[in-house]
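Visitor: Working from the sequences, and respecting the hints, build out all of it.
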Amino acid sequence: PPEAELYVGPGDFRYLSFSRRAESKKGDHGRVVIVGGSAEYSGAPMYVALAALRAGVDLAVLLAPEPAAQAAKAFSPDLIAVPLKGERLGLEHVEEVLKAAERADVVVVGSGLGLAAETQEAVRRIFRALLGKKPMVVDADAIKALAGVKAEKNVVFTPHAGEFRILTEAEAPADLRQRIEVAKREAAKLNAIILLKGRYDVVTDGSKVKVNATGTPAMTVGGTGDVLTGLVAGLATKTNNLLEAAAVAAFVNGLAGEAAAEELGFHITASDLLKYIPSVIRRYADEKVV
Numbered sequence: 043p044p045e046a047e048l049y050v051g052p053g054d055f056r057y058l059s060f061s062r063r064a065e066s067k068k069g070d071h072g073r074v075v076i077v078g079g080s081a082e083y084s085g086a087p088m089y090v091a092l093a094a095l096r097a098g099v100d101l102a103v104l105l106a107p108e109p110a111a112q113a114a115k116a117f118s119p120d121l122i123a124v125p126l127k128g129e130r131l132g133l134e135h136v137e138e139v140l141k142a143a144e145r146a147d148v149v150v151v152g153s154g155l156g157l158a159a160e161t162q163e164a165v166r167r168i169f170r171a172l173l174g175k176k177p178m179v180v181d182a183d184a185i186k187a188l189a190g191v192k193a194e195k196n197v198v199f200t201p202h203a204g205e206f207r208i209l210t211e212a213e214a215p216a217d218l219r220q221r222i223e224v225a226k227r228e229a230a231k232l233n234a235i236i237l238l239k240g241r242y243d244v245v246t247d248g249s250k251v252k253v254n255a256t257g258t259p260a261m262t263v264g265g266t267g268d269v270l271t272g273l274v275a276g277l278a279t280k281t282n283n284l285l286e287a288a289a290v291a292a293f294v295n296g297l298a299g300e301a302a303a304e305e306l307g308f309h310i311t312a313s314d315l316l317k318y319i320p321s322v323i324r325r326y327a328d329e330k331v332v
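FYI, the numbering for the sequence shown is 43 to 332, going by the working numbering.
Warning: the hint list may mix true and false statements.
[To be verified] Listed next, the in silico PhoX-like pairs over lysine-lysine satisfying Cα-Cα at most 20 Å (straight line):
hint	residue 1	residue 2
1	Lys195	Lys176
2	Lys195	Lys231
3	Lys175	Lys195
4	Lys127	Lys141
5	Lys192	Lys175
6	Lys231	Lys192
7	Lys250	Lys195
8	Lys141	Lys175
9	Lys115	Lys127
10	Lys195	Lys226
11	Lys231	Lys186
12	Lys250	Lys226
13	Lys231	Lys250
14	Lys192	Lys226
15	Lys141	Lys176
16	Lys192	Lys250
17	Lys68	Lys330
18	Lys176	Lys192
19	Lys67	Lys330
Derived from the structure by calculation, the hints contain no laboratory data.
It should be emphasised that the depicted structure is a prediction, and the values quoted were computed from it without experimental measurement.
Guide: Below is the structure:
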């Protein structure tokens with residue numbers, strides 16, 4: 043039925059490959075580079091990196107201004123953090139970021155960067171340089187820097203309604219049918235994939251649409267959007283179908299939130315979602331050694 047095609051579900055996992063060869067080595071199953079963080083915000087890019095790892099990537103490398111990079115190193119031995127000199131991303135870091143991005147399968151830009159004018163200009167330069175060369179996931183403050191930009195189909199924007207308004211100058215209607223139409227229209231204009239977050243997440247490239255209905259009001263806590271961004275990037279290393287990677291990421295994120303809330307009610311943190319991601323993916327993914 044058409045409903046089944048519209049809503050993300052277990053069947054969408056068929057677009058992603060989680061199998062591994064016995065002789066696999068580090069890096070074969072995905073490298074994600076995350077450009078994020080600032081002196082003010084160090085947690086957001088860590089959630090992105092940890093969620094990408096939980097999605098099954100081998101390496102999540104965080105390029106962050108020194109204070110955020112130091113915080114990441116101290117926080118978790120799983121994180122590879124490369125410090126960028128200074129308190130925030132600036133134009134002097136663009137070359138270093140682009141060099142690191144060369145080895146990445148997917149690049150994430152945005153989480154925790156802040157809104158300094160120079161940071162926003164650095165985001166625009168990084169975006170233009172990587173456009174068409176690397177799949178990108180654009181979140182949070184980077185969305186604000188790229189308002190009205192022309193993109194390519196290998197870019198996923200992950201706005202909530204407020205960021206969607208800044209990106210497109212369009213309001214995201216509350217009514218789901220209208221919301222789908224507006225998201226479709228704007229994705230076509232941008233020539234990109236939009237994952238519009240909300241009670242129902244709408245994922246569209248301007249022609250195809252997927253709607254995700256998983257999740258819980260407990261997920262209004264800060265950081266759950268960063269976890270989603272990391273899942274989009276991580277799952278994008280398992281497929282060439284970026285729209286499906288984004289759709290399945292929303293599905294998994296919501297189910298991980300539901301599982302956390304089952305145990306902890308309205309007292310979950312974004313860190314709790316990370317614990318549940320593997321069991322949610324393993325429930326539906328065909329994971330085997332080939």
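Visitor: Hint by hint, note whether the structure agrees.
Guide: Hints, one by one, checked against the model:
no.: 1; hint: Lys195 to Lys176; result: holds, 11 Å
no.: 2; hint: Lys195 to Lys231; result: holds, 11 Å
no.: 3; hint: Lys175 to Lys195; result: holds, 11 Å
no.: 4; hint: Lys127 to Lys141; result: holds, 16 Å
no.: 5; hint: Lys192 to Lys175; result: holds, 15 Å
no.: 6; hint: Lys231 to Lys192; result: holds, 8 Å
no.: 7; hint: Lys250 to Lys195; result: holds, 12 Å
no.: 8; hint: Lys141 to Lys175; result: holds, 13 Å
no.: 9; hint: Lys115 to Lys127; result: holds, 15 Å
no.: 10; hint: Lys195 to Lys226; result: holds, 13 Å
no.: 11; hint: Lys231 to Lys186; result: holds, 17 Å
no.: 12; hint: Lys250 to Lys226; result: holds, 8 Å
no.: 13; hint: Lys231 to Lys250; result: holds, 14 Å
no.: 14; hint: Lys192 to Lys226; result: holds, 15 Å
no.: 15; hint: Lys141 to Lys176; result: holds, 12 Å
no.: 16; hint: Lys192 to Lys250; result: holds, 19 Å
no.: 17; hint: Lys68 to Lys330; result: holds, 17 Å
no.: 18; hint: Lys176 to Lys192; result: holds, 15 Å
no.: 19; hint: Lys67 to Lys330; result: holds, 16 Å
Consistency with the previously given hints is maintained throughout, with no hint failing.
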